[in-house]
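Q: Fit chains B and C to the supplied structure of chain A, relying on the hints for placement.
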Amino acid sequence: MVEAVARVQTEKLTALYGKFTAVKDVTLGFAANQVHALIGPSGCGKSTFLRTINRMHEMSIGGWITGSVLLDGADIYGPDVSVIQVRRQVGMVFQKPTPFPTKSIYDNVAAGLVLEGGRARAELDEVVERSLRRAALWDEVKDRLRTSAIALSGGQQQRLCLARTIAPEPEVILLDEPTASLDPQGTQRIEELMFELKRDFTIVIVTHNMQQAARVSDTTTFFYLGAMIEHGPTRQMFTTPTNEQTEAYITGRFG
Amino acid sequence: MNRRDRRRFKSNAMVALMIVAVVIAVLPLLFILGSLLVHGASSMSLAFFTRVPVPAGETGGGVVHAIVGTLVIVGIASLIGVPVGIGAGIYCAEYPGSRMAVVTRFLSDVMNGTPSIVVGVFAWTLIVAPSHHYSAVAGSAALAMLMIPMVMRTTEELLKLVPNSLREAALALGYARWRTTLSIMLRTALPGIVTGTLLAVARIAGETAPLLFTALGNQYLSFKPNAPMAALPLVVFSYATGPYEEWHRFAWAAALVLIIVVLVLSVAARLATRQRFGAARG
Amino acid sequence: MEMTDAATSLSRRAATVRLLTGGVRGDQLFRVVLTACALSIPVLLIALAVMLTRGASLAIGKFGLGFAATSAWDPVAGQFGAWPMILGTLLTSLLALLIAVPLSLGVAIYLTEFAPDVIRKPVAMVIELLAAIPSVVYGLWGMFVLIPLLQHAVFPLLRSLLGFLPFFRGAIYGPSVLAASIILAIMIMPFIMAVSREVLLAVPGSQREAAMALGATRWEAVRTAIVPYARSGIIGAIILGLGRALGETMAVTMLIGNRHEITASLFAPGYTMAAAIANEFNEAATPMHYAALTYVALLLFVITMLINAGARLLIWRVGRGSQGGGAST
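Chains as they are written, first to last, in this note's numbering: chain A, 84 to 338; chain B, 3 to 284; chain C, 349 to 677.
Extracted from the complex, chain A is given alone in its bound form (with noise of 0.2 Å):
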């Protein structure tokens, strides 16, 4: 068996606020092009430790790691490292959809692109229409691009988010609870968008609906009280856990 290449890998990788220890030595690889899992109850430290993959965590009040993060072998909290280059290469869509409200459907997906300035009007415009279709809102919006984009509704606001994300082709994408406000049609078509966002993107989603963990991933870790449990291969996962809490969550014992 081939053994995939991780794209994100953490080593012994802490995550604190001030003193209190949320993640607890997390030594994980997420393998390139699939869609990779994060379950557990609530306050297991999955968003946290998500959050350390774009260095957001750091811009919690107290947030620090101990440990490493490599993104293809490199750290990204080495001593040179841009967090901003960071971003840019690590993508995240979050749990409430946030377009931003003084910019148009189509300012809102290129905003990611314009800061790394001088792209010609053309390539944006090509880059917006390649987003939006990917994120299934182009037919949707195409007529409207020039329109606010808080005039949408909560599951096109997301995929708005998504199609934002995407534009300035990171390498990896972080979703944290993205269907959570959504409703169940929303919540699908979300879904069904990551089996073709995962052949260019490397994703990682959390979210406390084992279900849809089942349905959308290749791989699920189970978090527990700040550690992780149990990783492997989502239908392994699902059918034959090893570790008794695992089992315990699964079923739906607790959390």
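Worth flagging that the hints you see were computed from the coordinates, not collected in a lab. Just so you know, not all the hints are guaranteed correct.
Unchecked claim - Just some of the chain C residues that point at chain B, by a computed CB distance under 8 Å:
1) V381
2) F462
3) T565
4) R566
5) E568
Backbone N, C-alpha and C define an ideal beta-carbon position, used for all residues, glycine too.
A: Only chains B and C this time, still in chain A's reference frame:
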């Protein structure tokens, strides 16, 4: 009348009293606006807006020197006060827990409560006394000092209303901190900040006391920032307290112009919040 | 195939490392600029206190704290005592509060608790407009409309009704302590109304509902449940109004008669600290005169600062106490 009826009567009586209070409170406004129109409108002619005053005792002339003066003095004051106020407001919203922010917020309230004449004396001791002459700039400095806490407060409160999730989304996209603050957070709060700023400009445009011993006033039309300059509120004051009937009429007219300027700015301020698409609301 | 994989991952790594080390520098400059702006406030305030003290030093040196207690004000002889104007300031402000507070509270309570929308919105707008009128315009109107009215109708009436009190005796000139107090009352009303409204709106709805559920009439609910809850905030609003009144200059100086004297009669002219400064500063001829006036400004600054600080503390406490209140922590 049983107990309950008495209580209800009392309740209605109190409400009636309150309505009387409302009427009494509203009356002065109607009275004042009415007086301004009655006494001031008759003097408003084209000449009034385009001529400078004539020697005492003669008729005719106008207040163009004061209109220009107010524009210049308030303009310079805003050039200083608005950016500094917004900058201070951004600081307090970005680093809210820091000692600097706590101190600044508190002292800005103190500044807000400082009588404007005290600020005028300060500007006098700082600028007028050492340079031995009155100047429009000294007046602008005093007005700017009055403006900064107002603009700072508005900016900070409005920035705080912008949801933090927007900041996170921008940062996650790879926006630098300064860019996030300016083009996402500040941009979103902008309509409200514009409103607050225009209201602050309207407030200082009507201030007289700080100008009494800084800009001093001037009978002639002047654009020189380093010399005494006329202003609408100063003109209202000196004409009202002067001996000539003609002057008193001019005072009413100048006051009417001043009120119109203040009201126009206030209305413009409200409009700024109304229409922009996507102002962060709810 | 493994070899190619390793080579690919190495070159990927190098590319990523290169990518990650691009820099962005704007943040430091940004913080510096913002800090400078924020610093301007404490710096200006301290400069104000320092410059005023320096400017007043001549007078502080000669008169000390007794300045506030002596009455003689003689620029020619170099004698300066600020007591009449201090008394005048306190008197006009307190009188103004006496008139303004009941009216303002009545309006504020009515607007927040009882008024239907169709009344509330226009009245709220009227209050805002009143607050926007410049002091000098109030003074103008006061001089030519209010004073004649008071002089010819109201004051004689008061004198005939209440002449047994020393306050309402004596000659009626027009410009007077009472006239100044009335215009002050009109000027601070919108302010007290606005702050009281904010405070009342911050009272949680549960208080109101609880009282109504017990069978209280609307008025009783207000009196027993809402006002007590908002009490310290309302007191704070009143004290803030006091602070405003103390510093008002133009309207007062145009209506008070500008006389350095104290008599019991409210119909007599008087002086306030702000009015004295406004009137005499440009006419001052000697350094001691300037110093005395600057000393008055310094005293005014200190008094208003203390009062405003106290008021803010009270209002802040109400905001902390209520749950969904408008205060931001």
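Q: Evaluate each hint against the coordinates.
A: To see whether the hints hold, each was checked on the structure:
1. V381: holds, 6 Å
2. F462: holds, 6 Å
3. T565: holds, 4 Å
4. R566: holds, 6 Å
5. E568: Because about 7 Å separates C:E568 from the closest Cβ in chain B, which is inside the 8 Å limit, the hint holds.
The earlier numbered hints are all upheld by this structure, with none contradicted.
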